[in-house]
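Each chain, written out:
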Amino acid sequence: MTMTETSRNPTGTTDHGGGRAGRGDKVVATTAHTALTIWSLIVILPMLWTVLSSFKTSEEIHSSPFSLPKHWNFQNYVNAWTTAGIGDYFLNSIIVVAGALIVTMTLGSMCAYVLARFPFPGSRIIYYLMLAGLTFPIFLAIVPLFFLLQQMGLLNTLPGLIFTYAAFALPFTVFFLFSFFKALPSTIAEAAAIDGAGEWRTFFQVMLPMARPGLATVLILNFVGLWNQFLLPIALNSDESNYVLTQGMAKFASQAGYSVDFGALFAAVVITVVPVLIVYMIFQRQLQGSVSQGTSK
Amino acid sequence: MTALGTGVAPGSTKPARTRRRPGKKLTFDKVSFFLVFLGVPVVFYLAFVVSPFVQAVYYSLTDWSGFSPEMNFVGISNYRTLLGDGTFMKSVGNSITLVIVLPVVTIVLSLVLASFVTVGGSSHGRIKGLRNSSFYRVISFFPYVVPAIIIGIMWQQIYDPSAGLLNGVLTRLGFQQFSSFPWLGDERTAMVATMFVIVWGFVGFYMVLFVAGIKGIPAELYEAARIDGAGRFRTMTRITIPMIRDNIQTAYIYMGILSLDAFVYMVAMNPGGGPNNSTLVMAQQLFSTAFTQGKFGLACAMGVVLAAITLTFAGLVFVVNWLTGGHEDITE
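Top to bottom, those sequences are chains A and B.
Taking the numbering used here as reference, the numbering of the first sequence is continuous, increasing by one, and the terminal residue is 310.
Taking the numbering used here as reference, the numbering of the second sequence is continuous, increasing by one, and the terminal residue is 691.
Source of the hints: derived by calculation from the structure; they are not laboratory data.
As the structure is a computational prediction, the values presented were derived from the model and not from experiment.
Check each hint, because a few of them may be wrong.
As the list claims (entries may be wrong) - Now the in silico label distances, taken between C-beta atoms and shown as ranges: (1) A:221 x B:539: 43 to 53 Å; (2) A:225 x B:430: 31 to 41 Å; (3) A:217 x B:413: 44 to 54 Å; (4) A:207 x B:601: 45 to 55 Å; (5) A:221 x B:635: 50 to 60 Å; (6) B:388 x A:198: 14 to 24 Å; (7) A:134 x B:635: 52 to 62 Å; (8) A:82 x B:521: 15 to 25 Å; (9) A:225 x B:439: 34 to 44 Å; (10) A:225 x B:528: 40 to 50 Å.
Beta carbons are placed, not taken as given, at the ideal position from N, Cα and C, and that holds for glycine.
With the hints as extra help, turn the sequences into a complete structure.
Structure, rendered in structure tokens:
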């Protein structure tokens with residue numbers, strides 16, 4: 014807004030004149046850095062405060078939000094781990110998410126491949142059905158889904174969660190991989206066919222390896238989405254020994270409200286976030302790449 | 360559903376055969392390939408996704424209570440009940456407030472931050488992004504990977520009237536009136552406070568999305584604009600925004616669908632619907648109607664209303680985008 018000043022001069026001729034970078038630029042850069050710093054602080058301070066609080070006793074938490082803990086010990090973490098059963102929930106989450114990813118990636122890549130490379134009458138209908146699945150709220154399906162799983166004997170079981178997770182991740186998977194398979198050169202598949210490779214071999218030995226970057230992108234996005242899934246487990250899984258992490262945390266939080274072990278609550282939050290943080294630090298570049306790819310298709 | 364699954368597969372082999380190798384016989388390889396590759400995913404999808412959606416529409420016309428086998432067809436009486444249900448109508452209003460406010464705020468904020476990152480650099484020489492900006496991106500993107508329920512729990516503690524971080528900061532800054540202000544417990548602030556948390560969780564995500572979009576714009580366009588004497592603000596409104604229009608539309612729809620859900624956040628921060636139901640959303644009403652009250656027919660009707668609002672919203676976004684010139688090519 015104030016920054017238009019310098020650039021209004023016809024500076025087109027000074028394309029290489031970095032040395033003449035005017036006051037306006039500095040103002041802009043400072044404004045930009047300030048705004049971005051403020052937002053970063055808004056993001057990071059709540060998290061640091063949570064970590065700090067996780068070391069405090071409940072009395073310390075109530076006395077002041079800023080006070081440092083007298084003793085830096087891990088008692089809260091021990092309590093959270095043992096009383097909240099986070100270890101078990103964690104394991105369940107891993108089983109469910111891994112299982113669902115295997116199912117949805119397998120089925121999704123197969124379906125997307127056929128839809129993208131062998132158009133037939135009716136393939137558009139399937140494609141639009143997938144699009145509808147992306148737009149309709151899961152809430153509409155949740156009641157019939159409950160009774161479907163009950164009839165199949167899968168209600169309150171991990172396989173039941175795996176199948177529903179996979180099914181609701183399928184439309185996005187197909188959608189994304191569809192455009193990916195479509196973009197792969199068809200000459201290679203034809204060459205494979207001439208060399209005598211059947212459709213099965215062409216897919217598994219030629220096309221799938223070529224689609225690896227696309228598969229990685231979908232895998233990452235699906236992982237984040239499914240790991241955070243909340244509605245499906247709380248509606249379809251009421252057996253506490255099968256709780257996944259998100260629902261276990263919700264239960265623990267609502268209980269902590271009564272027993273007032275806030276220290277353990279903060280510790281439980283940190284325990285759940287730290288593994289995510291580590292994975293994020295390692296993969297953040299790929300993840301950000303995936304997001305921009307996954308949503309621009 | 361099996362009928363549809365198998366009905367589709369044989370049809371699929373024909374064009375493929377003619378397209379790829381005319382006259383070649385249907386081999387076992389081909390038939391099994393299409394049966395498995397198309398049949399299995401489609402049947403799976405129909406069973407777990409499409410059929411529940413369709414069933415829900417049917418159940419919404421019945422008085423089904425779920426556990427009894429009896430089910431009477433009651434026509435649209437469930438929908439009439441909903442119209443007369445003040446609590447439900449309130450939740451509809453709240454959901455609509457969310458879908459109006461959240462996408463706009465989130466997208467404007469993330470667009471501003473994204474443009475700071477990408478064009479905040481020097482206005483001379485090559486078009487440059489801001490220095491050290493990846494640091495900001497890494498930090499602000501992080502909430503996206505934290506489970507929403509955790510975000511909700513965290514912020515519930517931050518908003519805590521006496522021991523929370525927010526009131527702690529405000530009192531330190533001298534605003535004594537906030538020393539025990541219940542952000543989530545006061546009807547005037549509960550909704551705004553909740554909306555802030557959702558925005559907080561998603562701004563970084565959309566910022567990354569927009570940064571990628573802006574970086575995909577050819578640099579010549581910016582250089583041409585600069586030579587023509589366009590300032591930063593004009594460049595933003597005349598080049599950047601039109602060029603990443605599709606990204607913005609996608610973001611708008613994603614964020615809208617998410618706002619109409621908002622279930623997790625509400626459950627974490629205000630499980631009871633907030634003071635005077637000021638943060639009650641449709642999804643919560645649906646969930647408790649179904650799984651605590653056992654009124655499954657009525658709950659399905661709520662689901663249909665929610666779906667109708669979602670589709671209307673998505674349709675509106677498309678129409679508005681088209682009417683405001685989304686169909687024109689700006690490079691003309």
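Quick rundown of the hints versus the structure:
no., hint, verdict
1, A:221 x B:539: 43 to 53 Å, "59 Å, violated"
2, A:225 x B:430: 31 to 41 Å, "49 Å, violated"
3, A:217 x B:413: 44 to 54 Å, "34 Å, violated"
4, A:207 x B:601: 45 to 55 Å, "46 Å, holds"
5, A:221 x B:635: 50 to 60 Å, "55 Å, holds"
6, B:388 x A:198: 14 to 24 Å, "22 Å, holds"
7, A:134 x B:635: 52 to 62 Å, "55 Å, holds"
8, A:82 x B:521: 15 to 25 Å, "18 Å, holds"
9, A:225 x B:439: 34 to 44 Å, "54 Å, violated"
10, A:225 x B:528: 40 to 50 Å, "47 Å, holds"
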